[in-house]
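As a plain string of letters, each chain reads:
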Amino acid sequence: MSRLRAVGWLLAKDLRLLRRSPLVTALLIVYPILIAVLIGFALSRGPEKPRVAFVNEIPTEEQASVGGTEFDKAETRAELCGRIECIDAADREEAQRMVADGEVLAALILPADFLERLNSLAGLDPQQPTVEVLVNEEDPVKGQLVDDRIRALITEANLILSQAVSEQAGSYLDLIVDGGSFSVPFLGIGDLEILGLRRSAQILSEIRDSLPASSRLEGLDQVIRFAELARENLKFALPLLGAIAEPIAVDKQVVSGETPSLDAFAIAVAATVTLMFVTVLLVAGSLALEREENAFPRLARGLVSPGLLLAEKLALGIAVSVAVTALMLAGLSAFVAIEWDRLAVIALAIVAGGAGFAAFGAALGGLARDVRASSLLAFMVALPVAFLSLIPSGTVEPGLYTAVEVLRVAFPFAPSLEVMSAGLEGAGSIWPPLLNLAAIVLIYAGLARFGMRRFA
Amino acid sequence: MASARDQAPGALSAAAEGEVVIEARSLRKRFGNREALRDVSFEARAGELLAIIGPNGAGKTTLLSILAGIRSPDEGTLSRTREEIGWVPQQAALYRKLTVEENLRLFARLEAVADVESTVAEMLEQTGLADRRGDQVGTLSGGNQQRVNIAIGLLARPAVLLLDEPSSGLDPRQRERLWQFVLALSDAGTSVIFSTHYIQEAERYGDRLLVLADGERVFDGTPSDLHAAVPDSRSDDFESAFVRFLRERGH
Ligand SMILES: Nc1ncnc2c1ncn2[C@@H]1O[C@H](COP(=O)(O)OP(=O)(O)O)[C@@H](O)[C@H]1O
Ligand SMILES: [Mg+2]
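Quick mapping for you: the protein sequence lines, in order, are chains A and B. Going by the numbering used here, the first sequence opens with residue 470, and the numbers climb by one from there. Going by the numbering used here, the second sequence opens with residue 569, and the numbers climb by one from there.
There's no promise every hint is true.
Stated by the list, open to error - With a straight-line Cα cutoff of 25 angstroms, these simulated SDA-like cross-link-like pairs (lysine to any residue) come out:
#: 1; chain 1: B; residue 1: Lys665; chain 2: A; residue 2: Leu772
#: 2; chain 1: B; residue 1: Lys665; chain 2: A; residue 2: Leu484
#: 3; chain 1: B; residue 1: Lys665; chain 2: A; residue 2: Ala769
#: 4; chain 1: B; residue 1: Lys665; chain 2: B; residue 2: Ala698
#: 5; chain 1: B; residue 1: Lys665; chain 2: A; residue 2: Glu761
#: 6; chain 1: B; residue 1: Lys665; chain 2: A; residue 2: Asn763
#: 7; chain 1: B; residue 1: Lys665; chain 2: A; residue 2: Arg923
#: 8; chain 1: B; residue 1: Lys665; chain 2: A; residue 2: Ala475
#: 9; chain 1: B; residue 1: Lys665; chain 2: A; residue 2: Arg841
#: 10; chain 1: B; residue 1: Lys665; chain 2: A; residue 2: Gly477
#: 11; chain 1: B; residue 1: Lys665; chain 2: A; residue 2: Leu845
#: 12; chain 1: B; residue 1: Lys665; chain 2: A; residue 2: Leu777
#: 13; chain 1: B; residue 1: Lys665; chain 2: A; residue 2: Leu473
Said to hold, decoys possible - Here's a subset of chain B near chain A, in silico, CB distances under 10 angstroms, partners left out:
#: 14; residue: Ala636
#: 15; residue: Ile638
#: 16; residue: Gln658
#: 17; residue: Gln659
#: 18; residue: Leu662
#: 19; residue: Tyr663
#: 20; residue: Leu666
#: 21; residue: Phe675
#: 22; residue: Arg677
#: 23; residue: Gly702
#: 24; residue: Thr707
#: 25; residue: Ser709
For the record, the hints were derived by calculation from the structure and aren't laboratory data. Where a beta carbon is used, it is the ideal one built from N, C-alpha and C, also for glycine.
Looking at chain B on its own, in the form it has when it is part of the complex (with noise of 0.2 angstroms):
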């Protein structure tokens, strides 16, 4: 199973030897008695793709609230402020009343971006989505309007893009072109951390994978560093060894 990146000679290297661009240092996180996030520590560098992984309710929302700056933890840091950072959220946050351009344009006068009007146009022609311009959001597609959220989380120009689930309700036809787009974002440079619960998207796209259970980080690495890890799972599929690599972690 090779990562989609190591088809490109280099990058891989370069992602790892990349500058840190976030440095997150034991986050914890409680909701009551329930404790969502337990010492969470990691860092991601220029232009690397971080896929966090884990079932559901093991706190890769939380986490990537957190890094967002839309919930503070209760304790540990975070080398990066918020305006630092882009966020798309898991459901799409749009005005479905709005078109496409005036919801760009909206969030790009809230985000004080310098030249509003060259960013709006700049982020419909990246997305594709500039023959769409007019439409109300609510009549897109999902995965057109998946590019609009993540459109929104770039108009800052963030040097961190965090996708929470990015692809979840896309079939895979708009997958695939969503992970384009996310490609070349990390090739110009962009760090994307993002969560899914398709394991082979993470194993395919993932640069490094960091592996969640009941709020505790109970893997850091390369995928194939995880296949690894799991004994006597080369002829695993990586999916089945993931789920091995948990059950023999007790989760």
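Bound conformation, chain A alone (with noise of 0.2 angstroms):
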């Protein structure tokens, strides 16, 4: 009982000096400017060339041609690998992995009956080829990356495929109007000469005035209607074939991770960060002033232990948290919609997210002993974790992402991104980031006890 007065008579001290305290001012005008650019970094991102897996299961003797237009496939590759960075793999279930394990952003599949689909596109009984698309969206960000470079690539070799479909298919129009010669090579059918509705109308006609007008057949005059009607009709046709916009169609399947909306997830990033800065520095600094003012010896000295102390600073930053975070999210939902009914869950991820960095806040207080080394560190550190963790796997070298992977367990950060994600929008589980903001309190605060052996 006592040591907890003693905790909410150092709490009130702690606030009152953080009143008196020209960081805090600086603090509340750089972090939304900090933040601001942050998000637009993030959200502007993308790497030059996404890798991208790419499975061919196209049997190679076969040959791409659409309306006797040939597709040179080593030049259609170099041009899609030209806007990617193609990484070949052996089949489907190599591709799945490399998805899943973050080496590649996506994985594109052209499927074994992809050219003879293609090529049925310009024939009389066609099939929309599909293309597979396998991505890995553990976050919007990176989901929306994904979605623009495919869909950017699928257009364009929609756009001249299409072309290629509507002029064969109006030459296949032409024929049928006007007549003309028509070969299939597939069945060894030779040039087959095509009669057209034009001439078949005028031979009908002809046929008719040639007969006596007593033996005119009941029926002869609806097929030449028909042939007249269908011939004007089928003019209409050819640019209506031109509309057919997407001839291949994309197939997406999920591989991994569950994409929260762009907004819930700017906000998420935005509560992390602000949280991140403000409890960072104020803890740190908090921790390291007891050392500069020289106070910490009188207080260890039997008032207040240093792991009472320590415990009083993690209160003093999940506080803070708590209350600048509520702040934020209260003037962000002018904005936007955040959804009040998911409440406790928010608070706890919020909690959690402010006791991680908090205990990283004061482990580094702990190890710089001074304000102004501390606030240094804080930025130092905690500004390239947060760039480092919001990058999305696949658009580095995978060595580089392990190293990025590891920085994502090490600090608060992307477990406190997941937290406060779940929280906002119900998005993954909470209980792996919760675990693993646990395991940061209890080692980070182990650390600034250590740093607080050299207090004294």
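Make the complex out of the two chains shown on their own, each in a separate frame, by following the hints.
This is the structure we're talking about:
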């Protein structure tokens, strides 16, 4: 009880010091700017060439030609891989694994019947070819990135194909309307002479006119009218065919990861970055101040144990986290919808994230031992960690990405972002990042306690 | 050379005859392979002013920190727990952004003083800082900061007060006022153990001197005993006699 009161007195003292510190004013101005910049970067960022696994299930001897336009496969691949970095995958399973492991941003699979279907487009029984896209949408930023790149590629391919298809389809129509010669090489059918509707109508009219009026067949007039009508109508079919804008369909499958909407994700990033700067700087500075003011030995002399002082700093960090994040979310709710019915989870996320950052800040403060050094250290460590934690898998070298993943587990940013996403959007399970944060609190509090051994 | 106490007849003998309030036995402390304290023993009595003197690095701060309970000795025993001892560190341990009153109140609360407000008022009175109570400590002069620093050490009304170089950094007038304050405490029965590197100060205000050199206790007695222990030093001033004393013992 008296220990709890001691924590209370120290908390009141720290809050009073906070009000009198120009650092706070600076923080409150600097951090929203930083957040805006960070989020701006995160949302607009994108690597020049995303890594995409490429699986070609088409038998190698098959040729692609649409309406006589040959598609050079090597050239097509070169064109494709000029825009993305193609990583050849042996088969579908390997591609799936690469996507799941984050080695690549996505996988593009050309199914075995792709060319067959592509060739059929210009034929009389067209079947739409489909490419499969496997993506790993761990975060919406990455999801957006994949969507944009793949969509751009497919759109371009579709544009070329639809031209070829409509040209070919157009020539079939011309054939039907005007007549001419036609061949089907696969079936061994040589030059077939096609009569055409125009000629059919003419011939029929001539036949009718040459027949004596009495022997005119009842149906003949109808056939002639049909041929004329068909010819007129099919003239309009050509431009309609040109409107087939998407000969190739995309079948997108998400391999792993759930996608919170971008808005909620942006809010979660904003909340986490806010939490990070305010809490880390504050707790690091506050703990270092105890040493800088020489107050620590006096406190540690039986009044407040180092462990209790550390607990007080964590409590300070959590209290300020809750206040600042709640304020920020309340402000943001003016612009975006925040699902307040998940308030309990949001609160849990803020407290857990706040605790993680507070412990991290305490470790910095404990090791730096003076306020300026600890603030500098907090900026120098927290900023890059936040940036690196936002890197989507597949956009960097696999080796580098492993380092990023270690970073994500070892620092409170990524798990805080995950619990925040879980709170704000209900995306993903809250338990793994919560456990991660619990481990982070223990480890960094231990580090802080170790640093405090040199305070006296 | 007369001790300040000799001018108050009876004070010295009263201190010498007072009960032993703290006793240290065979204290040892190492930092790595450096011996900061080697087998140091002494005792202090109620109302006594005990001066710890010695060159820089002699172990004065180490000894006071052990008495204060900030560091634990590698060997040796202490007769009192740290709760009964007030400690005033060499550098002011105060929150500079808090006012005088806020600092006193915070530490009074943490010390679990019975009546916080009256204790704070009393300390403000005693230190003569009542009219500066609302000033942030960082805006005070060094002398006034040191007074607040000492006042915090006195909040729990300890039987023994430890002062580590309390007068360093103060001008002569501030030093004079500081010592008037400390003498009044001692007259009221508090044992004061202080370290200083102003030898004249130790001679003037110390009832007894404890001389440390290289972590060893090389002298324990009154200033006149020390003077007497140096042959042919009657004509020297106390500081010269002290330097000769150390030199003759190889320090
Ligand atoms: N925390 C420490 N770590 C290592 N050595 C120390 C430490 N504190 C003091 N010392 C060493 O112990 C010796 C005594 O120091 P100290 O008690 O501060 O001397 P004084 O106060 O008499 O000047 C010195 O040699 C000093 O360098
Ligand atoms: Mg010292």
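We went through each hint and held it up to the structure:
At most 25 angstroms may separate the alpha-carbon atoms for a hinted pair to count; lysine 665(B) and leucine 772(A) meet this at roughly 21 angstroms. Pair hint lysine 665(B) plus leucine 484(A) holds up; C-alpha atoms about 12 angstroms apart against a cutoff of 25 angstroms. For the suggested pair lysine 665(B) and alanine 769(A), the alpha carbons sit about 20 angstroms apart, so the restraint of at most 25 angstroms is met. With a C-alpha separation of about 18 angstroms, the suggested pair lysine 665(B) and alanine 698(B) falls inside the 25 angstroms cut-off, and the hint holds.
For the suggested pair lysine 665(B) and glutamate 761(A), the alpha carbons sit about 12 angstroms apart, so the restraint of at most 25 angstroms is met. Proposed proximity of lysine 665(B) and asparagine 763(A) is supported: the alpha carbons are some 13 angstroms apart, at most 25 angstroms. Taking the CA atoms of lysine 665(B) and arginine 923(A), the gap is about 24 angstroms. The hint holds against a cut of 25 angstroms. As the CA atoms of lysine 665(B) and alanine 475(A) are separated by approximately 20 angstroms, the hinted pair is consistent with the 25 angstroms bound.
Restraint check for lysine 665(B) and arginine 841(A): satisfied, since their Cα atoms lie roughly 16 angstroms apart, inside the 25 angstroms limit. For the hint pairing lysine 665(B) with glycine 477(A), the CA-to-CA distance comes to about 19 angstroms; that is within 25 angstroms, so the pair holds. This hinted pair checks out: lysine 665(B) and leucine 845(A) have alpha carbons roughly 21 angstroms apart, not beyond 25 angstroms. Of the pairs offered as hints, the one joining lysine 665(B) and leucine 777(A) holds, with about 22 angstroms between alpha carbons and a cut-off of 25 angstroms not exceeded.
Distance hint between lysine 665(B) and leucine 473(A) is fulfilled; the C-alpha atoms sit about 24 angstroms from each other, no more than 25 angstroms. Annotation: alanine 636(B) was flagged as interfacial toward chain A, and the flag holds, the nearest CB pair being 6 angstroms apart, inside 10 angstroms. Against a cut-off of 10 angstroms between C-beta atoms, the interface hint on isoleucine 638(B) holds, since the closest Cβ of chain A lies about 5 angstroms away. Contact between glutamine 658(B) and chain A, as hinted, is supported at the beta carbon level, the nearest pair being about 9 angstroms apart and thus within 10 angstroms.
Hint on glutamine 659(B) holds. Least Cβ distance to chain A is approximately 5 angstroms, under the 10 angstroms limit. The restraint placing leucine 662(B) at the interface with chain A holds, with a minimum CB-CB distance near 6 angstroms, inside the 10 angstroms limit. The interface hint given for tyrosine 663(B) is met, as the beta carbon of that residue sits about 6 angstroms from the closest beta carbon of chain A, less than 10 angstroms. For leucine 666(B), the suggested interface contact is upheld, since its CB lies about 7 angstroms from the closest CB of chain A, less than 10 angstroms.
Taken as an interface hint, phenylalanine 675(B) checks out: its beta carbon lies about 7 angstroms from the nearest beta carbon of chain A, inside 10 angstroms. Interface hint status for arginine 677(B): upheld, as the beta-carbon distance to the closest one in chain A is roughly 5 angstroms, under 10 angstroms. The criterion of a C-beta within 10 angstroms of any C-beta in chain A is not met by glycine 702(B), whose closest approach is roughly 13 angstroms, and the hint is violated. Because the smallest distance between the Cβ of threonine 707(B) and any Cβ of chain A comes to about 12 angstroms, over 10 angstroms, the interface hint for this residue is violated.
With a cut of 10 angstroms, the hint placing serine 709(B) at the interface with chain A is violated, because the nearest CB-to-CB distance is about 18 angstroms.
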